[in-house]
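Q: Sequence:
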Amino acid sequence: MQISNLTEQLTALVEAGVRKQIFPGAAWSVGTVDHHAMGAAGRLTPEPSSAAMQVDTLFDIASLTKIISVWSLVGQLVKQNRLRLDSRLADLLPGTAGYALAPITIFQLLTHTAGLPLRARLRASYGDVYDDIVRGVLREPLEGVPDQAVEYTDRAALILGLVIERLLGMPLDVALAEHVLQPLGMAATGYGPVAPRHGQQVAPTEYCDEAGAHLAGTVHDFSTRLLGGVCGIAGLFSNVPDLQRFLRAMLNPHGAVFDADWVRESLTVRTGDLQPSRGLFWHPAAGTGVQDDVWCHLGFTGTAMWISPRRGRYAVLLTNKLYYTREFDRINDIRRDFMRCAFAL
Numbered sequence: 001m002q003i004s005n006l007t008e009q010l011t012a013l014v015e016a017g018v019r020k021q022i023f024p025g026a027a028w029s030v031g032t033v034d035h036h037a038m039g040a041a042g043r044l045t046p047e048p049s050s051a052a053m054q055v056d057t058l059f060d061i062a063s064l065t066k067i068i069s070v071w072s073l074v075g076q077l078v079k080q081n082r083l084r085l086d087s088r089l090a091d092l093l094p095g096t097a098g099y100a101l102a103p104i105t106i107f108q109l110l111t112h113t114a115g116l117p118l119r120a121r122l123r124a125s126y127g128d129v130y131d132d133i134v135r136g137v138l139r140e141p142l143e144g145v146p147d148q149a150v151e152y153t154d155r156a157a158l159i160l161g162l163v164i165e166r167l168l169g170m171p172l173d174v175a176l177a178e179h180v181l182q183p184l185g186m187a188a189t190g191y192g193p194v195a196p197r198h199g200q201q202v203a204p205t206e207y208c209d210e211a212g213a214h215l216a217g218t219v220h221d222f223s224t225r226l227l228g229g230v231c232g233i234a235g236l237f238s239n240v241p242d243l244q245r246f247l248r249a250m251l252n253p254h255g256a257v258f259d260a261d262w263v264r265e266s267l268t269v270r271t272g273d274l275q276p277s278r279g280l281f282w283h284p285a286a287g288t289g290v291q292d293d294v295w296c297h298l299g300f301t302g303t304a305m306w307i308s309p310r311r312g313r314y315a316v317l318l319t320n321k322l323y324y325t326r327e328f329d330r331i332n333d334i335r336r337d338f339m340r341c342a343f344a345l
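Note that our numbering has the sequence shown beginning at 1, numbered continuously upward.
Everything hinted at is true.
Using C-beta positions, here's what the derived DEER-type ranges look like: (1) Val269 with Val33: 22 to 28 Å; (2) Ser4 with Arg139: 52 to 58 Å; (3) Gly144 with Gly229: 27 to 33 Å; (4) Ser50 with Ser4: 27 to 33 Å; (5) Ala344 with Pro171: 40 to 46 Å; (6) Gln148 with Phe328: 24 to 30 Å; (7) Ala211 with Ser4: 38 to 44 Å; (8) Ala90 with Pro171: 22 to 28 Å.
Listed next, the in silico SDA-like pairs over lysine to any residue satisfying Cα-Cα at most 20 Å (straight line): (9) Lys79 with Gly169; (10) Lys79 with Thr105; (11) Lys20 with Glu206; (12) Lys20 with Gln9; (13) Lys20 with Pro48.
If you are wondering where the hints come from, they were derived from the structure by calculation, not from laboratory data.
All values derive from a computational prediction rather than experimental measurement.
For each residue, glycine too, the CB sits at the ideal point set by N, CA and C.
Please model the complete structure; the sequences and the hints are all you need to start from.
A: So, in structure tokens, the structure goes:
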């Protein structure tokens with residue numbers, strides 16, 4: 001189906017999500033390198049007086065940070081031969097020497113096969129001092145046997161962020177801005193906290209007892225807040241137009257940001273017979289097979305993006321479903337239907 005013919009169907013689907021109170025509002029896009037359809041539905045909050053959601057509303061994109069920040073920068077380091085997928089942490093982060101993380105490779109972190117602890121538990125395990133947290137993470141025993149299971153964990157992105165900072169000699173947010181955001185023209189994207197600018201909205205997320213309000217412009221992820229707001233786990237705020245720029249560059253990876261080999265290797269199952277299947281940080285979209293070639297990453301706050309090089313198409317769905325609940329069954333139904341419509345599956 002042509003991109004231009006999708007607007008009515010996708011608008012109806014997203015408006016149904018608002019009506020059923022799955023999320024207060026959403027912004028979305030589906031496109032190719034040359035064409036796109038986009039829209040928005042609902043409001044920033046359920047209140048009738050709340051402003052209408054806009055296509056350029058900023059969202060806390062949660063774990064999409066792992067793709068925009070960590071995956072992109074690791075790919076550049078690999079292209080520059082400053083990092084290999086079989087590089088061991090012992091050779092990259094001296095703090096791992098003599099500990100269980102020492103032999104873990106970049107590949108194992110990117111495929112979530114390193115056997116890391118599944119939960120971050122940073123404050124409970126290490127306190128609230130940044131250096132103590134980093135030291136503790138790098139010395140933490142494994143919970144599983146490497147290469148025996150695919151188990152998604154935030155710690156993989158956290159550790160890769162530390163690797164990036166060490167190799168580039170700069171903070172992660174600075175590296176991201178210099179090497180990814182600025183070259184792609186993603187001017188609205190960056191680590192928080194962010195304040196609404198003139199004409200720019202920020203979608204609120206979950207109610208925070210400590211703040212006495214729904215978070216808006218402050219990252220929801222507690223581990224990221226504990227680490228000062230900048231890490232590989234989460235922390236980025238972005239919008240549909242900027243994520244379009246990112247995904248279009250992936251579909252046409254000939255510039256300074258993306259290497260065609262890196263994109264191809266990442267959007268290929270790299271975990272053999274282990275389930276669930278994984279590429280490099282990306283994974284096949286739920287309900288699809290390898291033959292469908294639709295790859296996905298999700299964010300806890302209600303965000304998602306998909307890409308299919310074979311179909312030459314991408315899709316973005318940003319919602320603030322966390323305003324209502326942490327329950328995911330209904331948002332996952334919407335995501336599945338949105339993806340199937342967007343990619344004509």
